[in-house]
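> From first to last, the protein sequence lines stand for chains Z and P.
Add 13 to the 1-based position in the first sequence for this note's numbering, that's all there is to it.
Add 44 to the 1-based position in the second sequence for this note's numbering, that's all there is to it.
Because the hints were derived from the structure by calculation, they are not lab data.
By construction, the Cβ of each residue, glycine as well, lies at the ideal position given by its N, Cα and C atoms.
Mixed in with the good hints there might be a few duds.
[Unchecked claim] With beta-carbon atoms standing in for the labels, derived distance ranges:
(1) P/Gln61 with Z/Val96: 38 to 46 Å
(2) Z/Gly29 with P/Gly60: 51 to 59 Å
(3) Z/Ile64 with P/Ser62: 37 to 45 Å
(4) Z/Gly29 with P/Thr59: 49 to 57 Å
(5) P/Glu123 with Z/Gly29: 46 to 54 Å
(6) P/Pro127 with Z/Arg124: 24 to 32 Å
(7) Z/Arg55 with P/Glu103: 18 to 26 Å
(8) Z/Gly75 with P/Thr51: 32 to 40 Å
[To be verified] Simulated coverage check for chain P against chain Z, where a stretch passes if three residues somewhere in it have a Cβ under 8 Å from a Cβ of chain Z:
(9) 88-102
(10) 112-122
(11) 144-156
[To be verified] For lysine-lysine, the following BS3-like pairs were computed, each having C-alpha atoms within a straight-line distance of at most 30 Å:
(12) Z/Lys90 with Z/Lys62
(13) P/Lys101 with Z/Lys35
(14) Z/Lys62 with P/Lys101
(15) Z/Lys82 with P/Lys101
(16) Z/Lys35 with Z/Lys90
(17) P/Lys115 with Z/Lys62
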Amino acid sequence: AQSVAQPEDQVNVAEGNPLTVKCTYSVSGNPYLFWYVQYPNRGLQFLLKYITGDNLVKGSYGFEAEFNKSQTSFHLKKPSALVSDSALYFCAVRDLRYSSASKIIFGSGTRLSIRP
Amino acid sequence: NAGVTQTPKFQVLKTGQSMTLQCAQDMNHNSMYWYRQDPGMGLRLIYYSASEGTTDKGEVPNGYNVSRLNKREFSLRLESAAPSQTSVYFCASSLGGYSTGELFFGEGSRLTVL
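Working from the sequences, and respecting the hints, build out all of it.
Below, the structure is given as structure tokens:
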């Protein structure tokens with residue numbers, strides 16, 4: 014069965030510093046990997062995805078993520094944090110073994126707090 | 045462009061009552077999903093519909109039923125609500141099939157069961 018783990022409930026970073034939000038996954042086949050962001054009282058918004066190819070993928074709002082197959086990780090990164098980045102971040106995985114069914118599983122979420 | 049629309053946004057039920065959450069998308073997507081969000085648990089998949097006419101159980105299907113009414117609409121029904129079903133429910137859609145599968149979410153429905 015596919016699963017996603019986000020080991021940190023909360024990450025605190027000073028504005029201007031780099032940030033990393035961790036994600037590890039488990040699938041039987043090859044994964045599609047995603048990051049989503051949720052602002053208070055809103056639905057989730059897509060940030061970026063890894064499908065194949067370059068292990069470093071770039072997404073919205075200056076975020077990027079690094080896919081590491083040997084460590085089964087897909088960590089979200091940003092070189093310089095902004096206060097407006099404060100939100101709840103979710104990692105998600107789609108197992109390509111079920112490619113026609115599009116079943117997508119989410120992690121438990123990490124709350125990112127950026128202090129001025 | 046409305047995207048994914050969920051109704052109602054808020055609902056309070058008593059234990060044992062039934063209700064249906066409605067979801068509609070206007071993006072001509074094939075796949076639709078229902079998730080619940082609980083503190084510390086993230087999003088958990090309840091049911092999904094890969095395409096019109098098909099539905100499948102997700103991680104936490106017990107106590108719920110779904111109907112894929114047509115390509116646009118996917119409803120979630122609680123036949124006999126329990127306090128454990130107090131949660132925020134999100135509907136989502138994606139192009140589906142062999143696409144890369146990013147999801148588009150509704151704004152959520154906050155359900156309280158007393």
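> Run every hint past the structure and note whether it holds.
Hints and how they fare:
Checked against the hint of 38 to 46 Å, the pair P/Gln61 and Z/Val96 passes, with Cβ atoms roughly 43 Å apart. For the hinted restraint 51 to 59 Å between Z/Gly29 and P/Gly60, the CB-CB distance of approximately 53 Å keeps it satisfied. In this structure, Z/Ile64 and P/Ser62 meet the distance hint of 37 to 45 Å, their C-beta atoms being roughly 41 Å apart. Here the CB-CB span from Z/Gly29 to P/Thr59 is close to 50 Å, well matched to the stated 49 to 57 Å.
At roughly 52 Å, the beta carbons of P/Glu123 and Z/Gly29 sit within the given window of 46 to 54 Å. P/Pro127 and Z/Arg124 have their C-beta atoms about 25 Å apart, which keeps the hinted 24 to 32 Å range intact. About 23 Å separates the C-beta atoms of Z/Arg55 and P/Glu103, a value consistent with the hinted range of 18 to 26 Å. Taken as a hint, the range 32 to 40 Å holds for the pair Z/Gly75 and P/Thr51, whose Cβ atoms sit roughly 35 Å apart.
Judged by the Cβ-Cβ criterion of 8 Å, the region 88-102 of chain P is covered by chain Z as claimed, because 6 of its residues qualify and three suffice. Counting residues of the region 112-122 of chain P whose beta-carbon sits less than 8 Å from any beta-carbon of chain Z gives 0, not enough to reach three: the coverage restraint is violated. Only residues whose beta carbon comes within less than 8 Å of a beta carbon in chain Z count, and the region 144-156 of chain P has 9; three or more means the coverage holds. Under the criterion of a C-alpha separation no larger than 30 Å, the hint pairing Z/Lys90 with Z/Lys62 is consistent with the structure, at around 13 Å.
For the given pair, P/Lys101 sits about 28 Å from Z/Lys35 by alpha-carbon distance, which is consistent with the 30 Å threshold. Taking the CA atoms of Z/Lys62 and P/Lys101, the gap is near 25 Å; set against the 30 Å cutoff, the hint holds. With a C-alpha separation of about 29 Å, the suggested pair Z/Lys82 and P/Lys101 falls inside the 30 Å cut-off, and the hint holds. This hinted pair checks out: Z/Lys35 and Z/Lys90 have alpha carbons roughly 9 Å apart, not beyond 30 Å.
The hinted pair formed by P/Lys115 and Z/Lys62 meets the criterion: a straight-line CA distance of about 25 Å does not exceed 30 Å.
Taken one by one, the earlier hints fail for this structure only at number 10.
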